[in-house]
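Chains A and B are the protein sequences, given in the same order.
According to the numbering used here, the stretch in the first sequence is residues 15 to 391, in order.
According to the numbering used here, the stretch in the second sequence is residues 258 to 614, in order.
Just so you know, these hints were derived from the structure itself, not from any lab.
Hints should not be assumed to be uniformly reliable.
[Stated by the list, open to error] Ranges of calculated distance between the beta carbons of each label pair, as one might list FRET restraints:
| # | chain 1 | residue 1 | chain 2 | residue 2 | range |
| --- | --- | --- | --- | --- | --- |
| 1 | A | Arg107 | B | Gly563 | 43 to 51 Å |
| 2 | A | Ala202 | B | Ala427 | 30 to 38 Å |
| 3 | A | Tyr324 | B | Ala329 | 51 to 59 Å |
| 4 | B | Val387 | A | Arg327 | 35 to 43 Å |
| 5 | B | Ala499 | A | Ala388 | 42 to 50 Å |
| 6 | B | Ala272 | A | Ala328 | 35 to 43 Å |
| 7 | B | Pro292 | A | Pro70 | 56 to 64 Å |
| 8 | B | Ala362 | A | Pro99 | 36 to 44 Å |
| 9 | B | Val387 | A | Ala388 | 29 to 37 Å |
| 10 | B | Ala499 | A | Tyr324 | 35 to 43 Å |
| 11 | A | Arg327 | B | His289 | 55 to 63 Å |
| 12 | A | Ala199 | B | Val571 | 33 to 41 Å |
| 13 | B | Thr454 | A | Arg327 | 24 to 32 Å |
| 14 | A | Lys309 | B | Ala329 | 30 to 38 Å |
[Stated by the list, open to error] Some residues of chain A that are not near chain B, with every Cβ distance over 12 Å (derived):
| # | residue |
| --- | --- |
| 15 | Trp102 |
| 16 | Glu223 |
| 17 | Gly331 |
If you're wondering where the values come from, they're calculated on a predicted model, not measured in any experiment.
We put the CB at the ideal spot given by N, CA and C, even for glycine.
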Amino acid sequence: MRMDRRHCLKLIALAPFAWAAAKDEDGSVSRVGDGEAMVIDGQGGLYDPYGAGESPRFSARAASEMAQSGQTATSFTVNEVGNAPDVWDSTIRNIAERDLSILNNPGLMLKATTVADLHRAKAEKKIGVIYNVQDTSLVGARLDRIRLLKGLGVRVMQLTYNNRNLSGEGCLEPGNAGLSRLGRATIARIEQEKLLLDLSHSGQRTVAEGIAAATRSMTISHTGCRALIDHPRNQWDPELKACADKGGVVGIYWVSFLAANKRAASADLLRHMNHAVNVCGEDHVAVGTDNPLFKTEIDEKARAEQKQIYEQRAAAGVAAPGEGPDVFNIVWDWDSHLRFRLLADGLAAAGWTARRIEKVLGENLLRLYGDVWADDN
Amino acid sequence: MATGTGHARPFSPAAYDSAVVIDGCAGWDDPHGDPNEVRFTSRAIAEARESGETACTFTVNKAGNDPDVWCASIRTIAEVDRMISVNSDLMLKATGVADLHRAKAEKKIAAFYHVQDTALVGSDLDRVAVLKGLGVRIMQLTYNLRNLSGDGGLEPDNAGLSRLGHATIARIEHEKLLLDLSHAGPRTTAEAIAAATRPMTISHTGCRALNDNPRSAWDAELRACADKGGVVGIYWMPFLVANRPPTSADLLRHMNHALDVCGEDHIAIGTDGVLLKTRINGEILAARKKRYEQRVAEGIAAPGEGPDVFNILVDWDTHMRFRLLADGLAAAGWNARQIEKVLGGNLMRLYSQTWET
């Protein structure tokens, strides 16, 4: 496909142009550059940092940056994690709030529950918002709640979140337990409801047993390569490969756990992306930033907020090593609403083909969503 | 060591009269009255007095991970409170060792509240203090399945304690409640004993070395419990033996084995049965079958449970069961001191150490 430089400029604003190096084997240039690529953040965030007061409408600046970002879809977390008795109720409240937010910004986003919705988002230049829950503690022994969550629009269900829940082990638990009997029943129910199983945040044995127990493809939506950085939130190669071998997709996150010095740079991210592709193959790697869509302006207000969030997480026992009052979920030199544009260029500069870049930017996740959510399989 | 010597004498009536007899895990049913009637029959009261039992536990919680277990347990506590107050001529709600002595003096039965599972507490550890306030004195960590703290004995994964499990044990100890590791898997049992800083109980279990049932505990865990000053109660349950209803001979085998492994200061009774003769009729069999099927559906039925299986020893299913036990132990060669300890002396010491120091 030919590129149109003006069209491209309009879409990608200030992004550099290294993408021009990304060519297919036949010499054609990637569709990434002309805004045709399906760009999916397998674990994103979508709050308007510029909005004034209590207005439910996203600000004009946010709307403009969302359009520039080139993102087609983002998977958005709607649950409260952890084992507090009220997590079910608070999750339902979060879903209602997010539904309202989407309703109040119809020109910018749509609630995505099917692959058709993602294509529609692309066509209408909106962002498709996919609902995920990160934890099954809110389900517990009441597996019918999985169906209820599906009814409310949730499409991705992560089994555990850092701590042990009734199904299995989070990655911060030193016990490294495997699946409980309920854990196996939970996975079976997630699969029966054709929801996407996510094994991010799980401990090693729970990941391995979760993949072995699964009969359909799954994701580890936001993780890193533990072979590069030995951090409990990252996954070892055998688990990454096992996920890929079952047709699954591993999303690499943009957080401090990528780097030994806790300050992840694009070079760290590219190292993890390359390693993941080597281990999993190019059809099984994606992006799950765990970043907001917008730039994180690190000012006094942001620092105060992060300090509060960190202290809450530490008190709840869910803060992983490396989290801190001054550690933000960003890749510092790519902290921009154009992060996917920067990534495409970075991967191209690293020698990736246009085809491979397209897969990682969104096509792999699109295929996985299609495989898992389809009502006719 | 206790072995049948052939010249043992029965346990003396005077010694039995003065003994403190505690069932460390029990239920209650009046077999002579209407099951829906809260007030006990005079025959049941007479039999309970004749039994010589000083104290027993009442399980007041609903086990399992359903979200409503907390509310259901509070409701049960209210119901048991009422049952005791309606029958205050026989029972008293006991929260300390002084209540045991009072029950002995007044010829009543002291009832200690027991929760079997911490699923109802979950991550809200303040609920441990609330349960203490409501009178609970014994807290069992897990019940057959995994909960947030650790694994029950029916979980094939045999996980150890979670981080919350460590915090739960610390809170149980902080509140000076008795930690009970019955129904836990081997690793959870072992890690919990290692984590505990105070003596604990395995209130109703058997010796897995004699019959490999997941509800029983291996020697290593029994010994570790004793080594920390704890007490192991032997149950009167089908898990004592495979493929047939258990008899007193099976119980005595387990008692002897536990004595060898733990020592005479660390074993007790935890029948998991009722004090009076078990009522078995068509209606009760039907109810038992339904309950068993429910337990199977919930995944909490252990191997050996069944639609027509009751927690009884076929030859000792009478309100005089502990008198029979004392004689049976004497006949097996146990001396009077050992028998007194097992009947209740050991649990009384453990309760005092846990609740009052």
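Evaluation of the provided hints:
At about 45 Å, the CB distance of A:Arg107 to B:Gly563 agrees with the hint of 43 to 51 Å. As the Cβ distance of A:Ala202 to B:Ala427 is approximately 35 Å, the hint placing it in 30 to 38 Å holds. Take A:Tyr324 and B:Ala329: their Cβ atoms lie about 37 Å apart, and the range 51 to 59 Å is violated. The beta-carbon spacing between B:Val387 and A:Arg327, approximately 26 Å, falls outside the hinted interval of 35 to 43 Å.
Between B:Ala499 and A:Ala388 the CB atoms are about 49 Å apart, so this pair conforms to the stated range of 42 to 50 Å. With their beta carbons about 58 Å apart, B:Ala272 and A:Ala328 fall outside the hinted range of 35 to 43 Å. For B:Pro292 and A:Pro70, the hinted distance range of 56 to 64 Å is satisfied, since their beta carbons lie about 58 Å from each other. Restraint check, B:Ala362 to A:Pro99: a C-beta distance of roughly 42 Å satisfies the suggested window 36 to 44 Å.
For the pair B:Val387 and A:Ala388, the supplied restraint of 29 to 37 Å is violated, since their beta-carbon distance comes to about 48 Å. In this structure, B:Ala499 and A:Tyr324 break the distance hint of 35 to 43 Å, their C-beta atoms being roughly 55 Å apart. At roughly 59 Å, the beta-carbon separation of A:Arg327 and B:His289 lies within the given 55 to 63 Å, and the hint holds. As the Cβ distance of A:Ala199 to B:Val571 is approximately 37 Å, the hint placing it in 33 to 41 Å holds.
In this structure the hint that B:Thr454 and A:Arg327 lie 24 to 32 Å apart at CB holds, the actual value being about 29 Å. At roughly 50 Å, the beta-carbon separation of A:Lys309 and B:Ala329 lies outside the given 30 to 38 Å, and the hint is violated. With a closest Cβ-Cβ approach of about 7 Å to chain B, A:Trp102 is found to fall inside the 12 Å limit, against its non-interface label. The claim that A:Glu223 lies off the interface is violated: its Cβ sits roughly 8 Å from the closest Cβ of chain B, which falls inside the 12 Å cut-off.
Non-interface status of A:Gly331 relative to chain B is broken: a Cβ of that chain comes within 12 Å, the nearest being about 6 Å off.
The structure fails to meet hints 3, 4, 6, 9, 10, 14, 15, 16 and 17 from the earlier list, while all remaining hints are met.
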